[in-house]
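Asks: Chains as they are written, first to last, in this note's numbering: chain W, 2 to 165; chain Y, 7 to 423.
Hints are computed from structural coordinates only; laboratory data are not their basis.
Mixed in with the good hints there might be a few duds.
DMTMM-like mimics (lysine to aspartate or glutamate), calculated; alpha carbons at most 25 Å apart, straight line [unchecked claim]:
no., chain 1, residue 1, chain 2, residue 2
1, Y, 51, W, 30
2, W, 158, Y, 77
3, W, 9, W, 118
4, W, 158, Y, 289
5, W, 9, W, 40
6, Y, 78, W, 155
7, Y, 184, Y, 312
8, Y, 52, W, 30
9, Y, 52, W, 155
10, W, 27, Y, 337
11, Y, 415, Y, 289
One side of the interface only, derived from the structure: several residues of chain Y facing chain W at Cβ under 8 Å [unchecked claim]:
no., residue
12, 277
13, 278
14, 280
15, 284
16, 285
Cβ atoms here follow ideal geometry from the backbone N, Cα and C, with glycine treated the same way.
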Amino acid sequence: MSKGRVWKYGDDINTDVIFPGRYTYKIMEPAEMAAHAMEDLDAEFARNVRPGDVIVAGKNFGCGSSREQAAACLRAAGVQAVVAKSFARIYFRNAINLGLAVLQCEEASDALRTGDEIEIDYPAGKIISGERVFKFFPLPDSVIGIIEAGGLIEFTKEKLASGG
Amino acid sequence: MGKTLSEKILGNKAGREVGAGEVVTVAPDTCLSHDNSAAIIGEFKKMGVERVKAPAKLVIILDHIVPAADEKYAQNHKTIREFVAAQGIPNFFDIQHGVCHQVLSEAGFALPGKLIVGSDSHTTTYGAFGAFAAGIGRTEAASIWAADEIWLRVPETLRIEFSGKLPAGVFAKDVILKVIGDNGADRANYKAIEFAGPAAGDFSLASRMVLANMAAEMGAKNGYFEPDEKTLAWVKARARADYEVVRSDDDADYEAILGYDLSVIEPQIACPHTVDHVRLVREVEGMPFHQALIGTCTNGRLEDIEIAAHIMKGKKVHPGVRALVLPASREVYVDAMRRGLLEILSEAGCVILNPGCGPCLGAHQGLLAAGEVVVSTSNRNFRGRMGSRDSEIYLASPATAAASALEGKITDPRKHL
Ligand code: SF4
């Protein structure tokens with residue numbers, strides 16, 4: 002179980018507002034990346050985000066560029082998961098490959114509000130907020146190995162080391 | 007049940023029959039990266055691998071910030087050049103060649119039946135040639151460099167059938183903006199888009215690239231045209247390798263089929279700040295703006311520069327507008343120069359930029375200040391993409407951008423033809 006607070010945003014949150022393009026080739030350090038997370042959408046976010054916080058958004062989270070900083074900056078900021086109605090394809094992949102949980106859940110997306118305290122039970126596929134319980138769609142088996150290894154780099158490393 | 011093009015290409019790679027929804031682990035034919043290769047090199051090194059597993063599959067093209075705009079970018083480029091030399095990567099295109107998607111296509115890597123991945127979201131472009139082409143992240147690119155494989159979910163397919171003939175003054179860009187505006191920026195999320203129907207073959211390869219490129223803006227994993235005579239004529243002179251023409255079966259399974267009659271489409275414009283916020287050009291006509299950008303990987307090919315030159319010939323860009331022309335590649339640049347098109351555009355007052363991404367991603371060469379508005383032929387109008395977060399980007403065809411640049415306000419191009 003992991004506890005956190007909700008930051009609620011709307012539909013179609015794109016990679017340019019999650020991590021502005023003007024920094025993509027300039028900023029590589031995680032701490033610095035975290036300082037610019039969500040900058041063009043909500044200046045409060047980077048100032049007040051705490052480890053374990055969860056972003057809850059509408060549909061098509063992470064649309065736009067393939068830049069991985071848009072997933073890496075949230076992880077660097079301590080965000081444990083993004084809950085959304087749906088994710089843009091490359092964002093979904095990038096997040097998994099970097100070990101950021103991406104959970105698809107319509108009900109939680111509709112119901113949760115900024116500041117709500119929640120817990121996420123990953124093995125059970127549940128998001129719990131007080132009395133309310135929301136079930137999320139479990140990730141496909143084939144990608145769980147990557148998350149379990151702590152991301153694709155570790156996964157590939159282990160695989161190459163084992164001669165696979 | 008028949009198979010779609012995507013199911014067939016991924017099945018060929020996986021060595022078994024596959025259907026939509028399955029996850030396959032496959033070795034791509036080509037893996038593209040650009041200036042972000044510097045970051046990929048960093049990830050690659052983290053894996054503790056000495057050598058790239060299949061160097062001939064990598065295509066590295068410097069295009070995003072070329073020539074280097076500052077020391078940091080210069081260092082990135084240097085890192086990449088050194089890595090390319092050390093690893094013996096044969097397919098490296100330095101800053102003089104142009105935007106990756108155009109260069110990779112011209113260089114004959116984009117071929118029917120191929121599986122192409124790239125760490126750029128508009129890698130979908132190569133679907134214009136009948137390839138399965140999808141964007142991936144940097145970490146994934148590094149993993150491919152190390153292990154020559156990637157996991158991919160076999161996509162469901164959305165088929166878009168075109169009929170009728172495009173009216174004068176209406177172009178591929180208007181068609182794809184119309185489709186995205188009608189269906190939303192996430193309509194094709196995780197899916198393939200098959201551009202088909204009796205009128206699909208009428209689109210030139212350059213126009214097909216516009217549609218396949220912007221399939222990404224509908225969320226698609228890949229977007230493609232089935233190869234036809236035009237495709238084969240184009241690739242014949244350029245192909246780097248053998249290729250196999252793959253088409254969807256007649257009884258393939260589609261998630262949905264949408265029909266579009268091209269003859270009733272009017273010039274379209276995507277308004278700030280989402281690509282699916284699309285209106286008719288005539289609905290926003292008269293709005294003043296500050297910069298026009300004609301070019302990029304979306305609309306920087308010869309036919310685009312031709313129509314812009316046709317509209318601007320003998321005229322002058324409005325004094326309130328800076329007009330930038332960004333050919334997609336050196337090949338396009340040279341062709342346009344030989345035909346006198348660059349001369350026409352320069353005389354009209356346009357700034358001709360070197361082939362590359364330039365202002366498209368807001369890194370250099372013509373950024374926007376707060377309160378400024380650009381009419382751009384690129385593919386993305388997100389807030390802050392081309393400069394200040396308080397600037398605005400409108401996306402349109404080269405004809406609309408050229409006509410608007412002359413008048414100093416957004417203008418329906420049909421009155422300038
Ligand atoms: S021209 Fe623009 S959209 Fe195309 S690859 Fe370059 S930055 Fe990306």
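Asks: All hints, please: hold or fail.
Replies: Results of checking the hints against the structure:
1. Annotation: proposed proximity of residue 51/Y to residue 30/W holds, straight-line Cα distance about 16 Å (limit 25 Å).
2. Between the alpha carbons of residue 158/W and residue 77/Y the distance comes to roughly 33 Å, so the proposed pair goes past 25 Å and is violated.
3. Using a Cα cut-off of 25 Å, the hinted pair residue 9/W and residue 118/W holds, with the two alpha carbons roughly 12 Å apart.
4. Taking the CA atoms of residue 158/W and residue 289/Y, the gap is about 55 Å. The hint is violated against a cut of 25 Å.
5. For the given pair, residue 9/W sits about 15 Å from residue 40/W by alpha-carbon distance, which is consistent with the 25 Å threshold.
6. As the CA atoms of residue 78/Y and residue 155/W are separated by approximately 28 Å, the hinted pair breaks the 25 Å bound.
7. For the hint pairing residue 184/Y with residue 312/Y, the CA-to-CA distance comes to about 23 Å; that is within 25 Å, so the pair holds.
8. With a C-alpha separation of about 15 Å, the suggested pairing of residue 52/Y with residue 30/W holds against the 25 Å cut-off.
9. Annotation: proposed proximity of residue 52/Y to residue 155/W holds, straight-line Cα distance about 9 Å (limit 25 Å).
10. Distance check on the hinted pair: residue 27/W and residue 337/Y sit about 30 Å apart at the alpha-carbon level, beyond 25 Å; violated.
11. For a cut-off of 25 Å, the pair hint linking residue 415/Y to residue 289/Y stands: about 13 Å separates their Cα positions.
12. A least Cβ separation of about 14 Å between residue 277/Y and chain W goes past the 8 Å threshold, and the interface hint is therefore violated.
13. At a threshold of 8 Å, the smallest CB-CB gap from residue 278/Y to chain W is about 12 Å, leaving the interface hint violated.
14. Annotation: interface hint on residue 280/Y holds; nearest CB of chain W at approximately 6 Å, less than 8 Å.
15. The interface hint given for residue 284/Y is broken, as the beta carbon of that residue sits about 14 Å from the closest beta carbon of chain W, more than 8 Å.
16. Interface restraint check for residue 285/Y: the shortest CB-CB distance to chain W comes to about 17 Å, outside 8 Å, so the restraint is violated.
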